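*Asks:* Residues per chain are reported as follows:
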Amino acid sequence: MTTSSIDQQTNVYRKMLSAAICSICLGNGFDTIEKDALATLVELLQCFLSQLSLLSRNYCELAGRSEPLVADILLGFIDMGIDFSSFDDYIKSAKYPHLPPIIVQQPPKQPNMLTTGVKQTLPQYIPSYLPEFPVPHAYIRTPTHRQPIIDYESALTKFLAKTAPSTHKLFDTEDINTFPLIACQPNYPPYLSSLLPQDQIFDPEELEYDAKVETETVEHKKPGERRTEDVKIEKIEEEEQIQDIKTEENHSPNNFIDNPYLAAIKFSNSEEMDIS
Amino acid sequence: MSQQPEKMEEDQLELTLGQPLSDFLMQLEDYHPTIPDAVTGNILRSSGFEPKDPRLLRLISIAAQKFISDIANDALHHCRARTNNSSSSSSKSNKGTKDRRYCLTMEDLTPALAELGITIRKPQYYV
Chain Z
1 MTTSSIDQQT NVYRKMLSAA ICSICLGNGF DTIEKDALAT LVELLQCFLS
51 QLSLLSRNYC ELAGRSEPLV ADILLGFIDM GIDFSSFDDY IKSAKYPHLP
101 PIIVQQPPKQ PNMLTTGVKQ TLPQYIPSYL PEFPVPHAYI RTPTHRQPII
151 DYESALTKFL AKTAPSTHKL FDTEDINTFP LIACQPNYPP YLSSLLPQDQ
201 IFDPEELEYD AKVETETVEH KKPGERRTED VKIEKIEEEE QIQDIKTEEN
251 HSPNNFIDNP YLAAIKFSNS EEMDIS
Chain U
1 MSQQPEKMEE DQLELTLGQP LSDFLMQLED YHPTIPDAVT GNILRSSGFE
51 PKDPRLLRLI SIAAQKFISD IANDALHHCR ARTNNSSSSS SKSNKGTKDR
101 RYCLTMEDLT PALAELGITI RKPQYYV
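Sequences listed follow chains Z and U, in order. Start counting the first sequence at 1; every next residue gets the next number (the UniProt record's numbering). Start counting the second sequence at 1; every next residue gets the next number (the UniProt record's numbering).
In short, the hints are calculated from the structure, not lab data. Just to be clear, a hint being listed does not mean it is correct.
With a Cα cut of at most 30 Å, we get these calculated BS3-like pairs of lysine-lysine [what the hints assert, rightly or not]: (1) Lys15(Z) - Lys95(Z); (2) Lys95(Z) - Lys66(U); (3) Lys92(Z) - Lys109(Z); (4) Lys92(Z) - Lys66(U); (5) Lys122(U) - Lys92(Z); (6) Lys92(Z) - Lys52(U); (7) Lys95(Z) - Lys52(U); (8) Lys122(U) - Lys15(Z); (9) Lys35(Z) - Lys95(Z); (10) Lys66(U) - Lys35(Z); (11) Lys122(U) - Lys35(Z); (12) Lys109(Z) - Lys122(U).
These numbers come from a predicted model, not from an experiment.
Looking at chain U on its own, in the form it has when it is part of the complex (with noise of 0.2 Å):
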């Protein structure tokens, strides 16, 4: 009995998350994402998906988008991580860091996606 008012306020909880939903499908209408809708759409399609809505395919754009943008984020912090440590370690008098260009590399790359539970190997050989 104790618990009913626990799940009222879950249930108010989601109510209130379903509410601002709405309101970001309608921002959808005027944003466009990275990735093209004909490419969403067509690799949806292959999947045998296919929302007529356009805002459903803006919304699983923007899923994508986050989630290379995640990465990436997490790939860039490993970038600067390693490259301070080398620099630090091998010279201090380098301290141009904040000119540095930054390359996205397969070493960065791994731990990032390690993260997120994938495990990245390298192939065997080259086609």
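So that you can see chain Z by itself, here it is in the shape it has in the complex (with noise of 0.2 Å):
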């Protein structure tokens, strides 16, 4: 234990018996107790329990025993010059507040660890009472930062719709903005955006699965439903740039993460509303 858990003990103690002291001076008819006059009253009181119980535990020591009786602490009070033939009157007469009984702090339980991975078992060669593996990301390695992310596209789109010198309309009505067609546009030297590097590519798994659901949605959309021709050429320059990564990364093709806090991303549906 250290010195200071029990200092803070003795001053749960010391507490209590400060509360006692006042409980006896509210009984004797104070109404109020001056700090300096509350202090020494409480080294008094530990005083007085110390002393006698040193008193009592010498007489009781001296007679061979080491558990006390009533006639040690007898021996104690006339050492002490009190007189306890009266005490029958006072519990009899004296009517004071019952403090409230000391409850035994619990505590703080600790957490749980989540739980991630299977844990190993033993091999045979290691005998059955020595401790088990622990989980697995404590000695194999785990990523722990998740990848921002890119999710530039739909917002990009919309704010190519509100933006762009030229959109269409695809009901003939006045509102422009319920359905607008983003106008097609092609730059100068077409070639150039696959030369320009892209940047923002932190995983190039994490860009690969981006890839394959993308090109699962486009995919699985009609024709008429296409973006404009940048996006599309944009999709070509990323597959293009996966494939040049996935050949140099391809002696690690342990790319599964288990671990629940870097689930994959759920595509809602409502994004592809908002693109199209």
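Now that you have both chains on their own, put them together as the hints suggest.
*Replies:* The following block contains the structure:
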């Protein structure tokens, strides 16, 4: 036990003693008590108790016993000059409020660890009394950061639809904002975008996943629902890049992350609605 | 030879004193002193004294309670005497003595403890 916790404990007992003294003083007709006077009385009370217990223990041990009897305490009373014949009347006359009983505080419960992965069983050559293997992420590499969601496309198309110099209307109504169609604007050198480097590629695995999902969605779509030509070109670029990276990282096929915090992203259908 | 009957009487007296004590201990079973048993037990344990019978703990608690109570009573008398003196000397019109609030101060506590042979000195400095 550390010294601070011992101090804290004695402080608790001294607090209880001061509470008891306060209740005694209230019972005697006082309304308030000075801080100094209370501290003095606490000191006196503690001293009284320890002195009495020391004397009683001495008498107990003098008699060759380790279990104290009433007689030992009475001899202690006599030694300290306390008249114990008046106790009977005292407890009948004195009515002080009871203090609430001391409740031992329960230590806060440690929250359970979140388990991930499957624990490995001990190999046969290790005896069963040895400790088990820890959770796999404790000794096998686990990615701890989440890949940033690169969801610029839908936002970008929305932005373009609002700000592009030429937008068509799907229906012949006055309201342009309901179903805007971005007009195709071919760039001057059409091959330029494929030569420019792409930024924000954090993890090839993530990009691969994204591309897979998106290509699937693209395949499902009817040709009439296709977006602008620019987006199409971007897609092809991405796929090309992924293939390049794939050839580099082909030797590490374990791309399944067993971490509940890093679950795969779910694409909602509403997103597709926004794009189209 | 003439002192022998007196001694016998003393023995008798002590015997009769012992009898109510056991009754008194029985009363302690269901009496709860103001100082909680746990607090008394802890202080006694820190002095190496560990009675297993809770009645003994309560006996000690009552002794301590009475000790403090006697001091408080003495201090109250001092307080009353002091306030009465000061009020009678300063103004006689103030007659609200019954609902006066009493505060236990060092001024009253010091003479009360002096009667028990405990002298209190003001600390030279506060930490």
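*Asks:* Indicate, hint by hint, whether the structure satisfies it.
*Replies:* Status of each hint after checking the structure:
no.	hint	in the structure
1	Lys15(Z) - Lys95(Z)	holds, 21 Å
2	Lys95(Z) - Lys66(U)	holds, 12 Å
3	Lys92(Z) - Lys109(Z)	violated, 45 Å
4	Lys92(Z) - Lys66(U)	holds, 12 Å
5	Lys122(U) - Lys92(Z)	violated, 37 Å
6	Lys92(Z) - Lys52(U)	holds, 25 Å
7	Lys95(Z) - Lys52(U)	holds, 26 Å
8	Lys122(U) - Lys15(Z)	holds, 22 Å
9	Lys35(Z) - Lys95(Z)	holds, 24 Å
10	Lys66(U) - Lys35(Z)	holds, 21 Å
11	Lys122(U) - Lys35(Z)	holds, 13 Å
12	Lys109(Z) - Lys122(U)	violated, 47 Å
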